[in-house]
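Novice: Sequence:
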Amino acid sequence: MPFPDSPRDWMNAHCPLLDGQFVFLDPQWWDTHLLSDGAVEVLREAARAIESDHFEAFLQDVEAAGGWPPGLERLAHALTTLPGRSTTKGQPE
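Once you know that position 4 of the sequence shown is 630 in this note's numbering, the rest is easy, because the numbers rise by one and skip nothing.
Where hints are given, some of them may not hold.
To be verified - Computed Cβ-Cβ distance ranges for the label pairs, DEER-style:
1) H640 with E699: 14 to 22 Å
2) D645 with S678: 14 to 22 Å
3) D645 with L685: 26 to 34 Å
4) E682 with D652: 19 to 27 Å
5) W655 with P695: 17 to 25 Å
6) G646 with Q686: 14 to 22 Å
7) E682 with D645: 17 to 25 Å
8) D631 with A690: 16 to 24 Å
9) E682 with P709: 13 to 21 Å
10) D652 with D679: 19 to 27 Å
11) D645 with Q686: 33 to 41 Å
12) G697 with L643: 26 to 34 Å
13) D645 with A683: 30 to 38 Å
If you are wondering where the hints come from, they were derived from the structure by calculation, not from laboratory data.
Think of the CB as a built atom: it goes at the ideal place given N, C-alpha and C, for glycine as much as any other residue.
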């Protein structure tokens, strides 16, 4: 499998659902995290914002909404280390 070249590609390839929880592989530190549906949705929104060059606005929206859920800010920032744009156009996220 080729190395995913965008944040959304990474989420699609490295955040599988196992036994009711998602297992997220951090692209920066290579550690794994068990995440809920809600946490994965936040990271997917972050990935979309990164790819559309709106990550700073996304960060402001998160702060305005009350801040980050525990542990997710580091994972969202880890997605910014991935290059490129999504190659999965038209596929479900």
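Novice: Run every hint past the structure and note whether it holds.
Specialist: Hint-by-hint comparison with the structure:
1. H640 with E699: 14 to 22 Å: holds (19 Å)
2. D645 with S678: 14 to 22 Å: violated (33 Å)
3. D645 with L685: 26 to 34 Å: holds (32 Å)
4. E682 with D652: 19 to 27 Å: holds (21 Å)
5. W655 with P695: 17 to 25 Å: holds (18 Å)
6. G646 with Q686: 14 to 22 Å: With a Cβ separation near 32 Å, G646 and Q686 fall outside 14 to 22 Å, so the hint is violated.
7. E682 with D645: 17 to 25 Å: violated (36 Å)
8. D631 with A690: 16 to 24 Å: violated (31 Å)
9. E682 with P709: 13 to 21 Å: holds (18 Å)
10. D652 with D679: 19 to 27 Å: holds (22 Å)
11. D645 with Q686: 33 to 41 Å: holds (35 Å)
12. G697 with L643: 26 to 34 Å: violated (19 Å)
13. D645 with A683: 30 to 38 Å: holds (35 Å)
Checked against the numbered hints listed earlier, the structure breaks hints 2, 6, 7, 8, 12; every other hint is satisfied.
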